[in-house]
Amino acid sequence: GESVGLHLPTLSVQEGDNSIINCAYSNSASDYFIWYKQESGKGPQFIIDIRSNMDKRQGQRVTVLLNKTVKHLSLQIAATQPGDSAVYFCAENGSSNTGKLIFGQGTTLQVKP
Amino acid sequence: NAGVTQTPKFQVLKTGQSMTLQCAQDMNHNSMYWYRQDPGMGLRLIYYSASEGTTDKGEVPNGYNVSRLNKREFSLRLESAAPSQTSVYFCASSDLLRGAQETQYFGPGTRLLVL
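So the protein lines, in turn, are chains A and B.
Going by my numbering, the first sequence opens with residue 1, and the numbers climb by one from there.
Going by my numbering, the second sequence opens with residue 1, and the numbers climb by one from there.
It is worth saying that the hints were derived from the structure and are not from the lab.
A hint or two may mislead.
[What the hints assert, rightly or not] The calculated DSSO-like cross-link candidates involving lysine-lysine, where the alpha carbons are at most 30 angstroms apart (straight line), are:
#1 Lys-57/B with Lys-42/A
#2 Lys-71/A with Lys-14/B
#3 Lys-71/B with Lys-9/B
#4 Lys-14/B with Lys-57/B
#5 Lys-42/A with Lys-14/B
#6 Lys-57/B with Lys-9/B
#7 Lys-71/B with Lys-57/B
#8 Lys-71/B with Lys-42/A
#9 Lys-71/A with Lys-56/A
#10 Lys-56/A with Lys-42/A
#11 Lys-56/A with Lys-112/A
#12 Lys-42/A with Lys-112/A
#13 Lys-68/A with Lys-14/B
#14 Lys-56/A with Lys-68/A
[What the hints assert, rightly or not] If you want the ones that stay clear, here's a sample from chain A, every Cβ over 12 angstroms from chain B, calculated:
#15 Leu-65
#16 Lys-71
#17 Ala-91
Beta carbons: idealized from backbone N, C-alpha and C, even for Gly.
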């Protein structure tokens, strides 16, 4: 069945270091992928997305990499700050074009000062 | 521009009681979604509405009903609440353009406790 998973439940990094959060997906038909950040007590907040016709996309301090060969997605955060501490979710659209997203379980990023 | 708003923020129910969770968006999006999030879990889709006048089941629809009242509003109803429905509920909206997926934007959530 369709599933989106994350390799590590918790990632701890030092402030100023770069963070890499990984995600594996199983549906080859997925053509849209998105990363969300969720702070405690809040709703998921859009970070960055990527379509399957791209393998890299950059935003402000964030980069998403897509490797369709091994069905792998990663989120890189440069110069991680305490405000980056949150749970990060990846999601894919599966095989439908109805706007539905399939979410992974999330990775908690802890930034040590 | 408030984005996606949800009411109430918190609710405590007794088993068997009913309630409606409200959601509204002011981004003129066509599609709206209801998710639930359980502790340490990702988001699971309950129902969605791809466009005004249509609703469809998601991954976990049992025990819920929805109404797409108009383009802005999408409500979720629990007819007879059960403790298993204790969760945080999120509403989201997006705009499918030319059949292509667009970003979903989320509301702040409703925290529901069923005793």
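Evaluated hints:
no.: 1; hint: Lys-57/B with Lys-42/A; in the structure: 25 angstroms, holds
no.: 2; hint: Lys-71/A with Lys-14/B; in the structure: 44 angstroms, violated
no.: 3; hint: Lys-71/B with Lys-9/B; in the structure: 22 angstroms, holds
no.: 4; hint: Lys-14/B with Lys-57/B; in the structure: 25 angstroms, holds
no.: 5; hint: Lys-42/A with Lys-14/B; in the structure: 25 angstroms, holds
no.: 6; hint: Lys-57/B with Lys-9/B; in the structure: 24 angstroms, holds
no.: 7; hint: Lys-71/B with Lys-57/B; in the structure: 18 angstroms, holds
no.: 8; hint: Lys-71/B with Lys-42/A; in the structure: 24 angstroms, holds
no.: 9; hint: Lys-71/A with Lys-56/A; in the structure: 14 angstroms, holds
no.: 10; hint: Lys-56/A with Lys-42/A; in the structure: 28 angstroms, holds
no.: 11; hint: Lys-56/A with Lys-112/A; in the structure: 28 angstroms, holds
no.: 12; hint: Lys-42/A with Lys-112/A; in the structure: 21 angstroms, holds
no.: 13; hint: Lys-68/A with Lys-14/B; in the structure: 47 angstroms, violated
no.: 14; hint: Lys-56/A with Lys-68/A; in the structure: 11 angstroms, holds
no.: 15; hint: Leu-65; in the structure: 19 angstroms, holds
no.: 16; hint: Lys-71; in the structure: 17 angstroms, holds
no.: 17; hint: Ala-91; in the structure: 8 angstroms, violated
Checked against the numbered hints above, the structure violates hints 2, 13, 17; every other hint is satisfied.
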